[in-house]
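Engineer: Listed below, chain by chain, are the residues.
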Amino acid sequence: MKIVVLVKQVPDTGEERILDASTGLVDRDANDPVIDEISERALEAALSVKDRDKSTEVVVLSMGPSDASKAIRKALSMGADSGIHILDDGLLGADATLTAQVLAAALRNADADLVITGNESTDGRGGVVPAMIAEHLNLPLMGSLTTVNIGSASISGQRRNDEGTQDVSADLPAIISVTEGFAEARFPNFKGIMGAKRKPVSTLAAAELGVNIAARTKISSVETRAPRSAGSTIIDEGQAAAQLVDFLTTNRLI
Amino acid sequence: MFELTEEHQAIVAMVAEFAAENIAPHAVQWDQEHHFPVDVLAQAGELGMGGIYVREDFGGSGMTRLDAALIFEELAKADPTISAYISIHNMVAWMVDRFGNDAQRAAWLPQLCTMETLASYCLTEPGVGSDAAALSTRAVRDGDEYVLNGTKQFISGAGASGLYVVMARTADTGSAGISAFLVPDGTPGLSFGALEKKMGWNAQPTRQVVFEDLRIPASNLLGEEGAGFSIAMKGLNGGRVNIGACSLGGGQAALDKSISYLKERSAFGAPLIGQQALLFQIAEMQAELESARTMVWRAADALESGSKDKVRLCAMAKLVATDAGFSAANTALQLHGGYGYLAEYGIEKIVRDLRVHQILEGSNEIMKLIIGRIAIDS
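Going down the list, the protein sequences come from chains Y and V. Under this note's numbering, the first sequence has 179 at position 59, and the numbering climbs by one with no breaks. Under this note's numbering, the second sequence has 304 at position 203, and the numbering climbs by one with no breaks.
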């Protein structure tokens, strides 16, 4: 089985991230770039298939600036077999539709039985790219799964919605997106780290994928969130409990 | 050599993440409860930390001494005691790899590299420390066996280890009469003293190891008969670099905690970091640790390349790094005031843990003896 995992490099979630108000883009220099945690969970799902069946081939696919090679390298150190890096300055700040189109074009040549991706990235949080890719490739999408069972010809899994849970299944090839319910990724071991540089990574430009770079989304304006005003402080002079209850009642919080 | 490669950075990042997740949150508790976390050691083993510079054919990671120094520093930022134990285990695994025959390597290395089996190093005796060539544990050849009698002192991991590498006397010819033996746990005649009560290093057991008419097959001799002292000294070169790296990690963690504390703690109306006298202490800690780090890396590189300078460089690295680490931790305690003295903040533990690094793997006085003798002889 061949599994392609979509991997995104994002600014470190542990730090405060900055949106550049003039461009509407994330300031990538403001934070350390890391592999998105949800991408790591997607990769872990693929690697657990490889643990059971060594013949499984795991390819990571990432679109991003030259620095994204580090995210790919980390995925390779964790156990993926090869990487595809879509690197094109014209794709800087690509919107979801263009991103999906580019990734779909790369996947069209990848001949994957299964595509695994996170349900939404930690930075953009659009959550639409998996569905758009599925549409481009005419593949069944099992989105936002909390569990999955990957068989050789079909997959099944569970997704949660407001009413309850849904049991879903599809024949392969298919695309799935995973949520935080999936297992945390393994640590790369030393052998993996040392071996990662020997694994192949191909670099592709948008033109090589036959994609015409044109964003379909326009950002009309970006505004900085107003700073939070200080809350009111209640000093306990014997009446604090009553004042708290008043506050909560007035604001319809209880 | 002074810039870490992308690969080094990936190794450091992985170890830092592993240690921050699995070691640091428990370090104070393990110290308080004297808990030896063999389960976490096995996790470290899975990642390749049981045989860092052991060759790859029997499960080693095949990495360099510099890689090892970087790894031990990162582990020690989370807990110097755990890092130091892993470094001792690695020294023993390396001895088996470097001096063992293929049968011994095949029998022991796979389980040592995964840390399913832990290892202890038995050199010091109750009456013999720095003067290791005077050791008195005896191994007498009897047919196809050796019979061991004697007592080893201050043995890390004793009682929990599966393998003991034991230095014992096979002839009364001083250092030339010492041989190294592989003693598996469970061998009749092997017993342990009570757990030692210590100032620090509480997350690993320290006991006496006692041999009473203990019989092992002659095939458990590691290297040639009479080669034991040379094996012990070669092992200690690496052990010194490693323990230096452990001190750097502990000292760096204490420094990092101090910087955060001085930034957030206010006195006399302003954050403490604004006091130049305190800022200078931070600067001194930083400069001493960084100089020692440079020395540790250089010694690791000399050991890796087999440089003729390696003995003195390893001794210098051990001396300056263990002094710098302890000094940084002790200063950090002072900078933290009363909080530094409380166990909860983790600073006093670092001070207690790092204190012994100035004593073991050859005391710092012995390091000066080595450095001084080489200086006047050359």
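These aren't lab readings, by the way, just hints derived from the structure by calculation. Keep in mind that a hint or two might mislead.
[As the list claims (entries may be wrong)] In silico SDA-like cross-links for lysine to any residue, where the CA-CA straight-line distance does not exceed 20 Å: (1) Y:Lys174 x Y:Ser272; (2) Y:Lys338 x Y:Ser272; (3) Y:Lys317 x V:Glu157; (4) Y:Lys338 x Y:Lys174; (5) V:Lys364 x V:Gln377; (6) Y:Lys319 x V:Lys364; (7) Y:Lys319 x V:His136; (8) V:Lys299 x V:Ile472; (9) V:Lys364 x Y:Lys174; (10) Y:Lys311 x V:Lys299; (11) Y:Lys311 x V:His136; (12) V:Lys364 x Y:Lys317; (13) Y:Lys317 x V:Gly290; (14) V:Lys409 x V:Ile472; (15) Y:Lys311 x V:Lys409.
On a predicted model such as this, the values are computed, not experimentally measured, just so you know.
Engineer: All the hints need checking, so say for each whether the structure fits it.
Structural biologist: Hint check:
The hinted pair formed by Y:Lys174 and Y:Ser272 meets the criterion: a straight-line CA distance of about 13 Å does not exceed 20 Å. A distance of roughly 42 Å separates the Cα atoms of Y:Lys338 and Y:Ser272; the hinted pair therefore is violated under the 20 Å criterion. At roughly 18 Å between alpha-carbon atoms, Y:Lys317 and V:Glu157 fall within 20 Å of each other, so this suggested pair holds. A C-alpha spacing of about 45 Å is found between Y:Lys338 and Y:Lys174, which places the hinted pair above 20 Å, so the restraint is violated.
For the given pair, V:Lys364 sits about 13 Å from V:Gln377 by alpha-carbon distance, which is consistent with the 20 Å threshold. For a cut-off of 20 Å, the pair hint linking Y:Lys319 to V:Lys364 is broken: about 45 Å separates their Cα positions. For the proposed pair Y:Lys319 and V:His136, the alpha carbon gap of about 41 Å is over 20 Å, so the pair is violated. Between V:Lys299 and V:Ile472 the alpha-carbon distance is near 29 Å, which puts this suggested pair outside the 20 Å criterion.
Under the criterion of a C-alpha separation no larger than 20 Å, the hint pairing V:Lys364 with Y:Lys174 is inconsistent with the structure, at around 51 Å. Among the hinted pairs, Y:Lys311 with V:Lys299 is inconsistent with the structure: their alpha-carbon atoms are about 37 Å apart, more than 20 Å. Simply put, Y:Lys311 and V:His136 have alpha-carbon atoms about 30 Å apart, too far for the 20 Å limit, and the pair is violated. Between the alpha carbons of V:Lys364 and Y:Lys317 the distance comes to roughly 41 Å, so the proposed pair goes past 20 Å and is violated.
Among the hinted pairs, Y:Lys317 with V:Gly290 is inconsistent with the structure: their alpha-carbon atoms are about 50 Å apart, more than 20 Å. As the CA atoms of V:Lys409 and V:Ile472 are separated by approximately 14 Å, the hinted pair is consistent with the 20 Å bound. Of the pairs offered as hints, the one joining Y:Lys311 and V:Lys409 is violated, with about 30 Å between alpha carbons and a cut-off of 20 Å exceeded.
Taken one by one, the earlier hints fail for this structure at numbers 2, 4, 6, 7, 8, 9, 10, 11, 12, 13 and 15, listed in ascending order.
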